[in-house]
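Participant: Okay, here's what each chain looks like letter by letter:
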Amino acid sequence: MRILGISGSARRDSHNTKLLRAAAEALPAGVELVEWEGLTALPIFDEDLEAEQPAAVADLLDAIAAADAVLISTPEYNHSIPGGLKNALDWASRPYETNPLRNKPALVIGASTGLFGAVWAQAETRKVLATTGARVLDTEFPVGLADDAFAEHGGLADPDAHERLTEALAELHQARELVAA
Amino acid sequence: MSTATTPFTGTYTVDPVHSSFGFAVRYQGVSVFKGTLAEVDAKLADGKLEGVAQVESISIKSPAQFRAHVLSAEFFDASSHPQVKFVSENIELGDDGTAKVDGELTIKGITQPVSATGTYAAPAADAFGNTRGHLNLEAQVDRTQYDMNWNAPLPSGGKALANEVTLIVELSLVAEA
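Protein chains in written order, with my numbering: chain A, 1 to 181; chain B, 1 to 177.
Please keep in mind that the hints were generated in silico from the structure rather than gathered at the bench.
There may be inaccurate statements among the hints.
[Stated by the list, open to error] For lysine-lysine, the following DSSO-like pairs were computed, each having C-alpha atoms within a straight-line distance of at most 27 Å:
| # | chain 1 | residue 1 | chain 2 | residue 2 |
| --- | --- | --- | --- | --- |
| 1 | B | Lys159 | A | Lys127 |
| 2 | B | Lys108 | B | Lys85 |
| 3 | B | Lys159 | B | Lys100 |
| 4 | B | Lys159 | A | Lys86 |
| 5 | B | Lys34 | B | Lys85 |
| 6 | B | Lys48 | B | Lys159 |
[Unchecked claim] Estimated spans, in silico, between C-beta atoms of each pair:
| # | chain 1 | residue 1 | chain 2 | residue 2 | range |
| --- | --- | --- | --- | --- | --- |
| 7 | A | Ala51 | B | Asp147 | 30 to 36 Å |
| 8 | A | Glu152 | B | Gly157 | 34 to 40 Å |
| 9 | A | Pro43 | B | Gly109 | 50 to 56 Å |
| 10 | A | Gly83 | B | Asp147 | 30 to 36 Å |
| 11 | A | Ala130 | B | Gln112 | 26 to 32 Å |
| 12 | B | Gln140 | A | Ala130 | 39 to 45 Å |
| 13 | B | Gly109 | A | Glu50 | 55 to 61 Å |
Note that beta-carbon positions come from the ideal geometry of N, C-alpha and C, so glycine has one too.
Whenever a hint applies, use it, and build me the whole structure from the sequences.
Facilitator: Below is the structure:
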């Protein structure tokens, strides 16, 4: 099984990219996580551009289509989903009937430097994913106080948090099994 | 239980290095956030305890946005109310080492009665030639009574931040020579 990991942050030292890498250390056996790194290459969603099939968009759609499930790690800007991530999901949702997110199991996690771990952005990302037709899990995984949340080697510093992330990823794995059955 | 501050006769001032004004508040339903105001000044004299803590000395240093929010008018309003104050003339120190302190706590310019309980250690000679005693107190307050009303509904239900806050005050008190 292959999970496509999408970080909603463009920043080089992004906590959410670190969280994706922490997830890579918490996967069930036989599951691989592939990071998609094309967020900043995407043009702003524009129906006029759709006919031209920009390469960056095709890359996103292909990456989702090639994956068995999607894992999104989102920061939170002004209590909401970052514009870049929303833009990527808007592209990925087209066309509605056949978009690659349809029936794709999806899990949303998130990190923020404040107390609440992007919990509102996660909720809005789940809402958007559900609208695209993805099979988004209700599970939330907020990592607050992200400046101190990661160990030096890169994983989550708190063993309980690592355990919960492991459980959430196992849930995503099960969701994929159900879709595939 | 005796009802006096007898073990602490005379005047005691706080040792700021070994004293703190702490708080703990539940967030996201299950987690507890703890912090302190490190800069504390207090005096116990003739049965009256007076303490002041500097809001700017709060342990939340980073991220800047978090610190700014806590110091803003949604919480401490530190620029208008730089200090938290506590005054009590009602200190009961029991023979069993328990302490009960009823007083008035001022945060953000609002004064409310507060009842704290805890333990004390009677003054005794310390390793540095001082006479030192300890007072460790806990109290529950409702932050909304101090006009600290910020909150937000969680997507999973409930509120982001509890109204109940536990205050944990540790005072190391040194007798004035």
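Participant: For every hint, state whether the structure bears it out.
Facilitator: Do the hints match the structure? See the list:
1. Lys159(B) with Lys127(A): OK: lysine 159(B) and lysine 127(A) at ~20 Å, within 27 Å.
2. Lys108(B) with Lys85(B): holds (10 Å)
3. Lys159(B) with Lys100(B): violated (32 Å)
4. Lys159(B) with Lys86(A): Distance of about 26 Å is within 27 Å: holds.
5. Lys34(B) with Lys85(B): With Cα atoms ~19 Å apart, lysine 34(B) and lysine 85(B) stay inside 27 Å; holds.
6. Lys48(B) with Lys159(B): Violated: lysine 48(B) and lysine 159(B) sit about 38 Å apart, past 27 Å.
7. Ala51(A) with Asp147(B): 30 to 36 Å: violated (57 Å)
8. Glu152(A) with Gly157(B): 34 to 40 Å: For glycine 157(B) against glutamate 152(A), whose Cβ atoms are near 36 Å apart, the range 34 to 40 Å holds.
9. Pro43(A) with Gly109(B): 50 to 56 Å: Between proline 43(A) and glycine 109(B), where Cβ atoms are some 52 Å apart, the hint holds.
10. Gly83(A) with Asp147(B): 30 to 36 Å: At roughly 34 Å between Cβ atoms, aspartate 147(B) and glycine 83(A) fall inside 30 to 36 Å, so the hint holds.
11. Ala130(A) with Gln112(B): 26 to 32 Å: violated (45 Å)
12. Gln140(B) with Ala130(A): 39 to 45 Å: holds (40 Å)
13. Gly109(B) with Glu50(A): 55 to 61 Å: The hint (55 to 61 Å, Cβ to Cβ) holds, given that glycine 109(B) and glutamate 50(A) are roughly 58 Å apart.
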